[in-house]
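Visitor: Quick note, the sequences are listed as chains A and B, same order.
In this note's numbering, each residue's number is its place in the first sequence (first place is 1) plus 1023.
In this note's numbering, each residue's number is its place in the second sequence (first place is 1) plus 219.
For the record, the hints were derived by calculation from the structure and aren't laboratory data.
If you're wondering where the values come from, they're calculated on a predicted model, not measured in any experiment.
Backbone N, C-alpha and C fix where the C-beta goes; we use that ideal spot for every residue, glycine too.
You may find that some hints are simply not true.
As the list claims (entries may be wrong) - Sample of chain B residues lacking proximity to chain A, with all beta carbon distances greater than 12 Å (derived):
no.: 1; residue: R306
no.: 2; residue: D326
no.: 3; residue: M578
no.: 4; residue: A630
no.: 5; residue: T718
no.: 6; residue: P719
no.: 7; residue: T839
no.: 8; residue: I858
What the hints assert, rightly or not - Calculated cross-link-like contacts (lysine-lysine; reagent style DSSO-like; alpha-carbon spacing at most 30 Å):
no.: 9; chain 1: A; residue 1: K1133; chain 2: B; residue 2: K687
no.: 10; chain 1: B; residue 1: K908; chain 2: A; residue 2: K1350
no.: 11; chain 1: A; residue 1: K1133; chain 2: B; residue 2: K307
no.: 12; chain 1: B; residue 1: K924; chain 2: B; residue 2: K302
no.: 13; chain 1: B; residue 1: K908; chain 2: A; residue 2: K1133
no.: 14; chain 1: A; residue 1: K1133; chain 2: B; residue 2: K302
no.: 15; chain 1: A; residue 1: K1133; chain 2: B; residue 2: K773
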Amino acid sequence: MAPSVTIDNDSDFTPIASFPTKASSYNARTLLLAPPSISSHEESLRNVLASHDRAVTDLQMLDRLSAGLVTLPDSTYDLILILTDADGTRTESAQLLGRDVFGRMVQALKAGGKLEAQDGSFGQNATEHRESILAGLVLESGGMVKPDYSASEAVPLRLRRKDKSVVSNAGPAVATATVSLNGKRKSVDMVTSKPAGVGFVDFSDDFGDPMITGEDDDDELIDEDTLLTEEDLNRPVNIPPECAPRVGKRRRACKDCTCGLAEKIAAEDETTRANADAQLQTLKLGADDLAEVDFTVQGKVGSCGNCSLGDAFRCDGCPYIGMPAFKPGEEVRLLNNDVQL
Amino acid sequence: MAVDVQGQRHNRKALILYGSETGNSQDVAEELGRMAERLHFITRVSEMDLVEINALLDYTVVLFAVSTTGQGEFPQNAKKFWKSLLRKRLPPDCLSHVAFTTFGLGDSSYPQFNFAARKLHKRLEQLGAKEVYPRGEADEQHDQGIDGTFLSWSADIRKHLLSLYPLPDGVTPIPQEVLLPPKLILALQEKVPGPPQVSTGSQIHQANQIHHPAVSPQPAINDSSGQSPGVQSKPETPEPSKQAANQIKMERTPSRSIYDFPIPVEEEPVICNQLREKFDGEPHDDPDSTFPPSKAIVLSNSFNVLMLENKRMTPENHWQDVRQLTFGLSDEEAYDPGDVINIMPKNFPEDVQTLIDLMDWNKVADIPVTFVASPPDFYLADNLLSKAPGLFPTPNSTLRDLLIHNLDITAIPKRYFFELIAHNTDDPMHKERLLEFTNPALSDEFYDYTSRPRRGILEVLQDFPSVKLPWQQATQFFPVIRPRKFSISSGGTLKTSSTPGMIKFQLLVAIVKYKTVLKKVRQGLCSRYLAAMPKNTPLKVTLTDGSLGFEATKAYKPLILIGPGTGVAPCRALIWERASEALFDTKIATEETILFYGGRNKRADYFYAHEWKFHHLALTHVFTAFSRDQKEKIYVQDIIRREKKEVWRMIAKGGIIVVCGSSGKMPKAVREAILWVMLEEGGVEKFPKGREDVEAELKKMEKRKHYVQETW
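Chain A extracted, bound-state conformation (with noise of 0.2 Å):
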């Protein structure tokens, strides 16, 4: 089903398109995780590297993942390879790899691809081999692979369950709910006990946890970019019938508008802002000359003799747009084009 394709294997040039319908090994994919000792020692790191192909090869940091501040994408690599100590040993890379971090390595591996460590010693002491085992793998020569289920993905076992039970009176009781367990579907018993009566639901594992704590990097997620479908892309939005805009009604510039009616308006202000201005020198009000406004004088008022209320009484033509309210008699003295009541 999926097109035959040349790549070309020349060494200035790696294809980077992928079919996702063969694992194809010529598209193999890689990610290093590199325990923290190994950044201070970069020679270790190059010599890794230079191993590797770079078009297909990410690094991340052993420890940022076991922290939670990289998020792997799903499903993409053939080969995850723990990399070595600066020491030669395991022993940070093996402190570093929780419980947690299996579940992320997993979910990043592909059906079918394999987790290694570099000196090859991957899941060979019981630690390891129980945490690969619970992630879903199995082992095979060198390391643990992640088996192709046409089902559900593999996903950790979670078996804490805290004692609390929350009371709450919010309707009839969840019986059941469906947890996926290593490709199989599972029904959990959720009714731990029931007040006669009163039906609740048992939130005892998943709300009786404080929203925010450090075990909820340990919990999966759904990945988001399932919910909205192409109909929802689609559909189109709701405007409520009043909301059209209407004739007549002026019409604001966008943000970033390129269409040219941002410059528009700001070149109508500006005339009218010039406008007022120009009208202010005739009345003497030039920077830094001091004037009385006395409004009995004929052609010191504009034409709704609101001009000292402030913008919110003025008329358009006013000389006086764009300054604060003042009393009439008030010295308006205009300094540095700055207003100084």
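Please build the complex by placing chain B on the supplied structure of chain A, with the hints as guidance.
Guide: Relative to chain A, chain B alone:
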């Protein structure tokens, strides 16, 4: 769900949750909150991250107001909640007793229009919650912006809520003309301040720490006026991962260099000990200075920095003023390229005095205040908030302090502000006009008076001098000052300083200053603050981790940088950071780096042109586009297409693409240009299905952090 209030059973509880980046969703949520209150719901309005999912079950109805930000993402204060909602192990009907709906705020010029709200709505339904009213979507591109949709949607949902949850006989909604009781109240401290009066709880101790305080609980109200004691607000949640992050950073970023570099070394102060000393109280301010005092707000995870240099980068006669600011900080801190510094600007004392004079607050302005929650029987105790969210007072804060350090008195007012101040004037003409501004039918006038000329709250109050606001409600009238974000523009050896114990960081800041129809020139709050900042000013900032990904900083990967305008800042940080790796090992050669830079005029805004020539920075090529230097506009995306062979060569080598700068049209155009190049050069061989395959490849690159966007 039934609750006892004033001895009566009360079944009407509404929860309004918001996810807001710039405050718009918060405003919407607060408006919905007031609407619910008027319908006699016991209402709680909160940001999403402060609420646990199971809390949703306690309310009659839950309304969400959510913005979509960045590339279809949730705002910062909703991310934890959202992540929690995505947990696989949540049973499919865990929310089956939740009645809800959502209102999304977005911008249809983005492809991921309102994605956050849509995803939220979908997920809630997946978990069994019941939509009680059709969801609403607002679009910035609409004629009237967000209001265009919100006003009628909220009017409709109000009717609907009334019919779904009818009021008991004889009870009617609180009319619009009646002001709702205030919730955030200040009171003067009765006691004379002796040894530091703890008006804000344990936060004094925090000010002494410049290391990362793990937990900063919100203050216990030290209530001296006899109100009910033990009123606590929710503790701020600790961030354990941030500590880990900083520790890791410190291991990875060496701050000393054995190499000599042609970086001009400025004379640096020996006041570095200021960075380590406790930083509350009155630092060495010049009493004659008009610049805001340096008293520090109390903010968790913040650290002290010292402003060392404030250098203008554009020519004096150029209309745009762009500064390079250099700051010193303790070498116990660390940062990476792509990290963002958050600066809380302050108001200028003379403006604050103008306001105090206008409102006749002089008698109380300099007495320490405390925060009082409104009567506890109106809300449930655990919902009480004594301070507005995002308000971080200085120790022993007075009203004046709040106005200088915390409250944005020059912000552009919202409609609700006019409603509030209309109730605080005796002048019938003023009152009438103020109420007209609140009328949605007259929205053009409101827009023309406020947004269009960018008129601030203080200016509005000066226009309506009859308005006298009660100082006790100051925190209700003025929005809280929000931090401004700046991408760090330094890295590698630029961090080094000749002062022991100190490292440096730099920011590239475009000062916001422009004219509208108002006589007084408009200045951005933070712009004004930074532009006027004298040398050696201490300030408190916080750091947000960037999202450039780990590999972009590593010298072994080829890098394509696209950073027009101030977007060049994180690009420069990356360039210097990568170059510094080669310093420590002569065998390391930095992989190729190319930079696409765009500006308006080569002579005016070609920042760092001289640096790109430094041999050790290993910049293979710098391609520029100056849009106004010739008749037709040329932008970076045009140059990318022109250099298709070079771009493709780098991509094929596994190169990482980093795009930085202003959000909106630029990143879209750049992505389109990259897509075009890949299609052109990759052809049918690499992309048999053409555009579809390239899109898929780009998405994969984005997931792997091989195509990264840092835009603002």
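Visitor: When you look at the beta carbon of R306/B, is every beta carbon of chain A farther off than 12 Å?
Guide: Violated: least Cβ distance 5 Å, not greater than 12 Å.
Visitor: Holds or violated: is the Cβ of T718/B farther than 12 Å from all Cβ atoms of chain A?
Guide: Nearest chain A Cβ is 25 Å from T718/B, so the label holds.
Visitor: Given the hint that K924/B pairs with K302/B, does the C-alpha gap stay at or below 30 Å?
Guide: holds, 20 Å
Visitor: So if I understand the rule, the pair passes when the alpha-carbon distance is 30 Å or less; does K1133/A with K307/B pass?
Guide: OK: K1133/A and K307/B at ~20 Å, within 30 Å.
Visitor: Quickly compare the C-alpha distance for K1133/A and K302/B to 30 Å and report which way the hint goes.
Guide: holds, 24 Å
Visitor: In terms of Cβ atoms, is chain A entirely out of 12 Å range of T839/B?
Guide: The assertion about T839/B holds, with a minimum of 16 Å to chain A.
Visitor: Keeping to a limit of 30 Å between CA atoms, is the pair of K908/B and K1133/A held or broken?
Guide: Between K908/B and K1133/A the Cα gap is close to 23 Å, so the pair holds against 30 Å.
Visitor: With a cut-off of 30 Å on the C-alpha distance, tell me whether K908/B and K1350/A pass.
Guide: Violated, at roughly 73 Å.
Visitor: Beyond 12 Å on every Cβ pair: is that true for D326/B relative to chain A?
Guide: violated, 8 Å
Visitor: Assess, step by step, whether the Cα of K1133/A is no farther than 30 Å from the Cα of K687/B, and give holds or violated.
Guide: violated, 67 Å
Visitor: Take a quick look at whether K1133/A and K773/B sit within 30 Å of each other, Cα to Cα.
Guide: Since the Cα atoms of K1133/A and K773/B sit roughly 26 Å apart, the hinted pair holds (cutoff 30 Å).
Visitor: Hey, is A630/B genuinely clear of chain A, shortest beta carbon separation above 12 Å?
Guide: The claim holds: A630/B sits with its nearest Cβ about 17 Å from chain A, beyond 12 Å.
Against the hints set out earlier in the document, violations occur for numbers 1, 2, 9, 10.
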